[in-house]
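Build out the structure end to end from the sequences listed, making use of the hints.
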Amino acid sequence: MTVQEAHDTDSGVRLRAGDAEVTVDPENGCRISSLRIGGTEVLRQGERYGSFVMAPWCGRTRQGRFLNGGERYQLPVTAGEHAIHGTVRNVPWRTARSDERTASFYRDLTDPWPWPGRVTQVVELAEDGSGLTLTLGVETIGDSFPAQAGWHPWFLRNLGRGGRDVELDFSPAWQEERGEDHLPTGRRVEPRPGPWDDCFGMPDGVDVTLTWPGELELKVTSRAEWVVVYDEQAEAVCVEPQTGPPDGLNSHPRLVTPIDPLEVSTTWSWRRPD
1 MTVQEAHDTD
11 SGVRLRAGDA
21 EVTVDPENGC
31 RISSLRIGGT
41 EVLRQGERYG
51 SFVMAPWCGR
61 TRQGRFLNGG
71 ERYQLPVTAG
81 EHAIHGTVRN
91 VPWRTARSDE
101 RTASFYRDLT
111 DPWPWPGRVT
121 QVVELAEDGS
131 GLTLTLGVET
141 IGDSFPAQAG
151 WHPWFLRNLG
161 RGGRDVELDF
171 SPAWQEERGE
181 DHLPTGRRVE
191 PRPGPWDDCF
201 GMPDGVDVTL
211 TWPGELELKV
221 TSRAEWVVVY
231 DEQAEAVCVE
241 PQTGPPDGLN
251 SHPRLVTPID
261 PLEVSTTWSW
271 RRPD
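Numbering (UniProt numbering), first residue to last: 1 to 274.
One should not assume that every hint holds.
[Said to hold, decoys possible] The calculated label-pair distances, taken between Cβ atoms and stated as ranges, are:
no., residue 1, residue 2, range
1, Asp165, Ile141, 44 to 52 Å
2, Arg271, Gln74, 21 to 29 Å
3, Gly160, Leu255, 27 to 35 Å
4, Thr257, Gly163, 21 to 29 Å
5, Glu71, Gly18, 46 to 54 Å
6, Arg14, Gly186, 42 to 50 Å
7, Asp260, Gly80, 29 to 37 Å
8, Ile259, Gly18, 35 to 43 Å
9, Asp260, Gly163, 18 to 26 Å
10, Asp128, Ala234, 31 to 39 Å
11, Asp274, Glu71, 13 to 21 Å
12, Pro92, Ser269, 46 to 54 Å
13, Thr135, Pro195, 43 to 51 Å
14, Ala173, Pro195, 18 to 26 Å
Note that these hints are calculated values from the structure, not bench results.
Virtual Cβ for every residue (Gly too), placed ideally from N, Cα, C.
Rendered as structure tokens:
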């Protein structure tokens, strides 16, 4: 029996450390379908939820159009008049390797993305079960192309144990002004009160704390400088570290070349009250 076979089940790849258990579903976009801490589920359940990968772009791309080297490309429009959340969140991935607390996965970039490439994700539980690190890579097999990468986790607003709803704490340097089409206008404004479906700039790195009072504190950190916060649904709150803002293929393109792939990590660390 191989290492992969020992941990790859019909319901996904399960990782365990301390009192934490993570389930990854390679067949459904390599999303984190479950994160249980001390037996309590933290992520909203359902095939659209958990925590999914956004690549090779994040959020909405305006009318699905962007430029590369002066040439215009058209992506399929999937959200109103825009293209949203990349191409890999609903398709099967391959499991490269897994053991008790670490697993790696990959998905080749194909049509409708105009260039061949690959997206990888490494999922690693801390040895003591106190945190989870996710690492994404986007690489090209040939020509260079602009790209973004990030995560879209759906954290439960309430853990369902009779406690209070989650509270968010973060200190962004600015908020991207949002237009009526839900895309940044290009203006940076002072952070405004929620509810949000908004992108914030954190040039020193993403640092957001979610607290379920008396139950759990979970911190989302990343060297990425952008985070989208979405808390307009009753069931969940999304804190999305990403390498650029919505429509970033146009406004903040990061070129992926054969010698310079795009790499980004996020760590979720948690503690429970004593």
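Hint check:
Hint check: Asp165 to Ile141, Cβ distance near 45 Å, so the stated range 44 to 52 Å holds. Taking the beta carbon of each, Arg271 and Gln74 are about 47 Å apart, not inside 21 to 29 Å as hinted. Taking 27 to 35 Å as the suggested C-beta distance range, the pair Gly160 and Leu255 does not conform, at roughly 44 Å. The supplied range of 21 to 29 Å is broken by Thr257 and Gly163, whose beta-carbon atoms lie about 48 Å from each other.
A hinted range of 46 to 54 Å holds for the C-beta pair Glu71 and Gly18, which are about 50 Å apart. Taken as a hint, the range 42 to 50 Å holds for the pair Arg14 and Gly186, whose Cβ atoms sit roughly 44 Å apart. A hinted range of 29 to 37 Å holds for the C-beta pair Asp260 and Gly80, which are about 33 Å apart. About 39 Å separates the C-beta atoms of Ile259 and Gly18, a value consistent with the hinted range of 35 to 43 Å.
Our hint of 18 to 26 Å for Asp260 and Gly163 is violated, since their Cβ atoms are close to 45 Å apart. The hint said 31 to 39 Å for the Cβ distance between Asp128 and Ala234, and at roughly 34 Å that hint holds. Evaluation of the 13 to 21 Å hint for Asp274 and Glu71 yields a failure: the beta carbon distance comes to about 58 Å. The given range of 46 to 54 Å is broken by Pro92 and Ser269, whose C-beta atoms sit roughly 30 Å from each other.
In this structure the hint that Thr135 and Pro195 lie 43 to 51 Å apart at CB is violated, the actual value being about 30 Å. For the hinted restraint 18 to 26 Å between Ala173 and Pro195, the CB-CB distance of approximately 21 Å keeps it satisfied.
Hints 2, 3, 4, 9, 11, 12, 13 from the earlier list are contradicted by this structure; the remaining hints agree with it.
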